[in-house]
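Chemist: Sequence:
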Amino acid sequence: MKKAKDFRDQSLEDLEANCKDARRDLFNLINEMKQSNKVEKPHLVRHKKREIALLLTVINEKKRLA
Numbered sequence: 001m002k003k004a005k006d007f008r009d010q011s012l013e014d015l016e017a018n019c020k021d022a023r024r025d026l027f028n029l030i031n032e033m034k035q036s037n038k039v040e041k042p043h044l045v046r047h048k049k050r051e052i053a054l055l056l057t058v059i060n061e062k063k064r065l066a
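Numbering-wise (my numbering), the sequence shown opens with residue 1 and increments by one.
Errors might be hidden in some of the hints.
Below, a list of computed lysine-lysine pairs in the BS3-like style, where the Cα atoms sit at most 27 Å apart [as the list claims (entries may be wrong)]:
# : residue 1 : residue 2
1 : Lys3      : Lys49
2 : Lys62     : Lys20
3 : Lys49     : Lys63
Hints are computed from structural coordinates only; laboratory data are not their basis.
Since the model is a prediction, treat every value here as computed from it, not as a measurement.
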């Protein structure tokens, strides 16, 4: 999992694109869980949620400074 300092170097557009991709991945993971009632790596859901929260935090910081 990346750190906040890794995301702070990216542009706002890149951060929003990464956030969109992370949300899509989370959606797919949750759907996979619901369909098969089993996931090989359930910890990935938590990691994706944290990544989304981190991305949103950095996006809001950049918007506040701009």
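Chemist: Hint by hint, work out which the structure violates, then give me just those numbers in ascending order.
Modeler: Violated hints: none; all satisfied.
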